[in-house]
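Student: Could you put the whole structure together from the sequences, leaning on the hints where they help?
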Amino acid sequence: MAQIEKKSALAIQDATPIKLRHKLEQSAARFAETGCYDGITELTLKAANPLKYESLHTRLRSAVVSARETSKRISASPGVREVGECVVGLYTPEGDSVVFSFGIMVHVHTLSRFIKWMIANDYEDDPGIRPGDIFANNDAFIGNVQVPDVMDVIPIFYQGELIAWAGAVCHELEVGGVTPGGDVYLAQERFTEGLFICAEKIGENDQIRRDYLIRAERNLRSPIYWILDEKAKVSACLEVREKVLELVEEVGVDYFKRAIKEYIEEGRRAHLERMKIQTVPGRYRGATFFGHLYKGKPGVLPMADKDQLVPIPVELTIDRNGLMTVDFEGTGPWGWNSNNCCEAAMEGGFFVSLTQFMDFDGKVNDGAWLATRLNLPPGTWTNPDSILVATACSWALLLPAFGVFHRLMSRSFLARGFKEEIFVGQVNTPFFESGGISQYGSRFGGSNFELAAGGSGARGIMDGLDTGYAGWNPESDMGNVEIWELSLPILYLGRKIWPDSAGAGKFRGGTGFTSLYKIHRTPLLTLTTAIHSGRVFDNAGMCGGYPAPTALYHYAVRNTNLAELIAAQKPLPHFEGDPLDPDPKRLVQGDFEFSEGGYIGRPFKDGDLFEHFYNGGGGYGDPLERDPELVRQDLDNGIITLRAAEQIYRVAAQSNDGRQHTIDHVRTDQLRTAERNQRLAEGMPVREWWTRERERICRHEFVPEVLEMYRESMRLSQRWKEEFITFWQLPADFSF
Amino acid sequence: MARPSYSTNVIADLIAGRLPWEQTKQIMSDYKDADRFDKYLAVLQASVPWKEQILLPIGEHLYIVQKGHERVVKCDCGQEFGDYHQNWKLSALIRVRNTPASLEPIYPGPRKPDANWMEIREYICPTCATLLEVEAVPPGWPIIFDFLPDLEGFYAEWLGRPLPEA
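Note that the protein sequences, when read in sequence, are chains A and B.
Residue numbers for the first sequence, in the numbering used here: 1 to 736.
Residue numbers for the second sequence, in the numbering used here: 737 to 902.
Bear in mind the hints are in silico, worked out from the structure with no lab data behind them.
Quick caveat: nothing in here was measured; it's all calculated off a predicted structure.
Just so it is clear, CB atoms sit at the ideal spot from N, CA and C, and this is done for glycine as well.
Where hints are given, some of them may not hold.
[Said to hold, decoys possible] Mimicking DSSO-like on lysine-lysine, the simulated pairs with C-alpha atoms at most 30 Å apart in a straight line are:
no.	chain 1	residue 1	chain 2	residue 2
1	A	Lys243	A	Lys52
2	A	Lys297	A	Lys605
3	B	Lys825	A	Lys721
4	A	Lys52	B	Lys768
5	A	Lys231	A	Lys72
6	A	Lys243	A	Lys23
7	A	Lys295	A	Lys605
8	A	Lys243	A	Lys46
9	B	Lys761	A	Lys496
10	A	Lys721	A	Lys585
11	B	Lys803	B	Lys787
12	A	Lys297	A	Lys585
13	A	Lys721	A	Lys295
14	B	Lys768	A	Lys46
15	A	Lys276	B	Lys787
16	A	Lys201	A	Lys243
17	A	Lys72	A	Lys201
18	A	Lys496	A	Lys570
19	B	Lys761	A	Lys276
20	A	Lys116	A	Lys72
21	A	Lys496	A	Lys585
22	A	Lys231	A	Lys201
23	A	Lys72	A	Lys243
24	A	Lys243	A	Lys257
25	A	Lys276	B	Lys768
26	B	Lys803	A	Lys276
27	A	Lys276	B	Lys825
[Stated by the list, open to error] Reference excerpt, derived from the structure (chain A facing chain B, CB under 10 Å, subset only):
no.	residue
28	Arg274
29	Ser412
30	Leu552
Tutor: So, in structure tokens, the structure goes:
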């Protein structure tokens, strides 16, 4: 293969190929004209020899899957090695995705944006695109989700012509931001997010430049992860290049060039066909909300020193052609915090949702993307009108937003009869980030990646996945405790199912879990958490299911008597226990702290405690319809408490040993009948309620954060304002 | 591609969650069955105590049905919620949890949302008292109209047959 590359490098001197930018423009024009990707109206290769066509696709896909496995062995980061926080893909010369591996598939489309950005910005002229070049990026406004997602691409040349790109992304555990770790909680504008690589040529002749590595070494708290991840990504790209060139030699370059585009057009057609098979045309609506709690927290800059409630209304329309449009009209503004998104991130979030819902087999690529539309109103958190906005924790609202999308799609599956595909949606995955002095006495920054295993939303015919789902990485894994204890100065006193963390329903959401850490062998640990809402739930139930009680708070205990408790062999806390009297407070003496929202506080040291929570998913269906036998199993497995069984599910249960439970079915029937009667007694006709609520609106009888939320949505969207006024039958000039 | 077909009994068990997981997984991983919608409707129609024709399910207990010349939303208990172009929630009962005390049974202690920021709205069938939908929204948020189907387009262009008439 080295010979092929050398030949390619020489050939480019004489060739006068069509500019990539021109190809990109031509491709877009052909799509606009024909409605088919790159103007491919007939799948001629597929028709001529389907076996050859499918064989090449399978071998290309094998190449990227295999390359990802190679990269995981080269990476030093437990995020990549343990949890698989990486992805590898192959792209057309214009930057459209052809095939990709498992892993963080959100980046399939962000890589596409990155390549197209370089082409549109004339990188062919300066800095040049040549065989052996390596380009990197982690700038969300060029094509990324957040600063820790660092992506590399290399061009693949054959006889002087760029015929494809190979790309790879790894999520970094530390990016050198104002607070340690990858998801920089306290980033409030771009300049505090950490080390940015902005579509930069970081290597030539298949070698990463030394000065680039020096920059990483001097600007990161734990540079080894970043640097070895770079080598992992480049090796993956080189492996893909080798395989592609082998296949090109075998099938011929013209066949390859046509085939990779037919795969995309086939993906586009397949998506539209699936829409007609599985969904129902119409308009679907939902909403969720996110609470930013920054007021008075340490390190918050003056412009960010506020609490804020952000609405996330989502409208999905499916037209008679099967074209779906996802519309965020009415959502809130971007803010001086780390939780903003940009178009590339929203597209990535949309794409990874599609790959799990509709486009999970066959030709999974940018074809599906071409069969959809997104409306991201400028000025909102989905599409800030400034590139100086921080996006370090952009998953915070992105995950709940596409959790709504999951529910909207699920409604269409319900209508069409595919109840087994109903999924009440992804939930947020709260991040634990830390930095300071490691247990080995060196500087460090990093996170444990156990968040990659939360609870999923319930499904239409069964419960959600317990501690086994993350929307951004379908290959979900929480990693072994021992790995995180090796890489961070923490010891786990417990990692356990968080009882009652699943949203209740006929089918409950998947349960979340909680980890209680002893800060271990460090004189200085800065600790933050990110990507979870405060004061409001950022998930929901469906068809009578309740939202999960998402992680809204943390427990910290400093200056503990833990050493004395251990020496005396007295009981230690292992998890929250009773939320009304939590174990970290009940069993340990020290300076107890209850904190709501994202965590930032005074540094920790050896012997301190911190408890962090991971979310469960929303429920499906009326909890009174839950089979009491399932309630009994949940009690036995510690997923729910007796309190929840009685007060939510109205199931009478008891236990003699706290482990095995029995159900009193007669009493359960009585409890459920009583609850139904209570609903009828306490329920009010909605039209009466509407009249009462309207008066409240006219009196502006809301707390300041709610009033500001309405003002901002009305400022950003005339359409949303008009719908609000229409629904409540308010004067046309109404305002808050 | 050859699309599978399953018996009405299998579909009935599948949508009720009674089918063994291995069989469910096989169905989920296979191509989607082309006749699912009709068998789904047949199973649902057989399960309700009334005669109006189900045109489209829109919730766990709610259906758009043909009633004379009208198309209305109907609960499987028989309760009707009016024309499907209107949000059925407007004809339901509502119970709102918007105080710490009313949120406490579902979300004890610190697990509850701030009642000033978010309320839990429960939409209840006035006849059978089933909890049909739950909304978690700030006070003042307009009631969400979950689903307005394009019934005519769905039947005529996707199912290839006219929408049933009275």
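Student: Hint by hint, say whether it matches the structure.
Tutor: Comparing the hints with the structure gives:
A distance of roughly 17 Å separates the Cα atoms of Lys243 of chain A and Lys52 of chain A; the hinted pair therefore holds under the 30 Å criterion. Simply put, Lys297 of chain A and Lys605 of chain A have alpha-carbon atoms about 20 Å apart, close enough for the 30 Å limit, and the pair holds. Proposed proximity of Lys825 of chain B and Lys721 of chain A is supported: the alpha carbons are some 21 Å apart, at most 30 Å. For the proposed pair Lys52 of chain A and Lys768 of chain B, the alpha carbon gap of about 26 Å is at most 30 Å, so the pair holds.
Restraint check for Lys231 of chain A and Lys72 of chain A: the C-alpha separation of about 10 Å stays at or below 30 Å, so the hint holds. Pair hint Lys243 of chain A plus Lys23 of chain A holds up; C-alpha atoms about 24 Å apart against a cutoff of 30 Å. A threshold of 30 Å between alpha carbons decides the hint, and for Lys295 of chain A with Lys605 of chain A the separation of about 25 Å falls inside it, so the pair holds. At most 30 Å may separate the alpha-carbon atoms for a hinted pair to count; Lys243 of chain A and Lys46 of chain A meet this at roughly 22 Å.
A distance of roughly 28 Å separates the Cα atoms of Lys761 of chain B and Lys496 of chain A; the hinted pair therefore holds under the 30 Å criterion. Under the criterion of a C-alpha separation no larger than 30 Å, the hint pairing Lys721 of chain A with Lys585 of chain A is inconsistent with the structure, at around 46 Å. Of the pairs offered as hints, the one joining Lys803 of chain B and Lys787 of chain B holds, with about 9 Å between alpha carbons and a cut-off of 30 Å not exceeded. Restraint check for Lys297 of chain A and Lys585 of chain A: satisfied, since their Cα atoms lie roughly 22 Å apart, inside the 30 Å limit.
Between Lys721 of chain A and Lys295 of chain A, the direct Cα distance comes to roughly 28 Å. Compliance with the 30 Å bound is thereby established for this hinted pair. Between Lys768 of chain B and Lys46 of chain A, the direct Cα distance comes to roughly 22 Å. Compliance with the 30 Å bound is thereby established for this hinted pair. Annotation: proposed proximity of Lys276 of chain A to Lys787 of chain B holds, straight-line Cα distance about 29 Å (limit 30 Å). With a C-alpha separation of about 23 Å, the suggested pair Lys201 of chain A and Lys243 of chain A falls inside the 30 Å cut-off, and the hint holds.
With a C-alpha separation of about 23 Å, the suggested pairing of Lys72 of chain A with Lys201 of chain A holds against the 30 Å cut-off. Distance restraint check for Lys496 of chain A and Lys570 of chain A: the Cα-Cα separation of roughly 20 Å lies within the 30 Å cut-off, and the hinted pair is therefore satisfied. For the hint pairing Lys761 of chain B with Lys276 of chain A, the CA-to-CA distance comes to about 22 Å; that is within 30 Å, so the pair holds. Between the alpha carbons of Lys116 of chain A and Lys72 of chain A the distance comes to roughly 27 Å, so the proposed pair stays at or under 30 Å and holds.
At most 30 Å may separate the alpha-carbon atoms for a hinted pair to count; Lys496 of chain A and Lys585 of chain A meet this at roughly 18 Å. With a C-alpha separation of about 15 Å, the suggested pair Lys231 of chain A and Lys201 of chain A falls inside the 30 Å cut-off, and the hint holds. For the suggested pair Lys72 of chain A and Lys243 of chain A, the alpha carbons sit about 18 Å apart, so the restraint of at most 30 Å is met. In summary, the hint linking Lys243 of chain A to Lys257 of chain A is supported, as the alpha carbons are separated by about 15 Å, within the 30 Å threshold.
The straight-line distance between the Cα atoms of Lys276 of chain A and Lys768 of chain B is roughly 11 Å, inside the 30 Å bound, and the hint therefore holds. Note on Lys803 of chain B and Lys276 of chain A: the hinted pairing holds, with a Cα-Cα distance of about 27 Å set against a maximum of 30 Å. Only pairs whose Cα atoms come within 30 Å are accepted, and Lys276 of chain A paired with Lys825 of chain B is accepted, the gap being roughly 28 Å. Given hint, Arg274 of chain A at the interface with chain B, holds; its Cβ is 8 Å from that chain's nearest Cβ, closer than 10 Å.
At a threshold of 10 Å, the smallest CB-CB gap from Ser412 of chain A to chain B is about 8 Å, leaving the interface hint in force. At about 7 Å, the closest approach between the beta carbon of Leu552 of chain A and any beta carbon in chain B falls short of 10 Å, and the interface hint on this residue holds.
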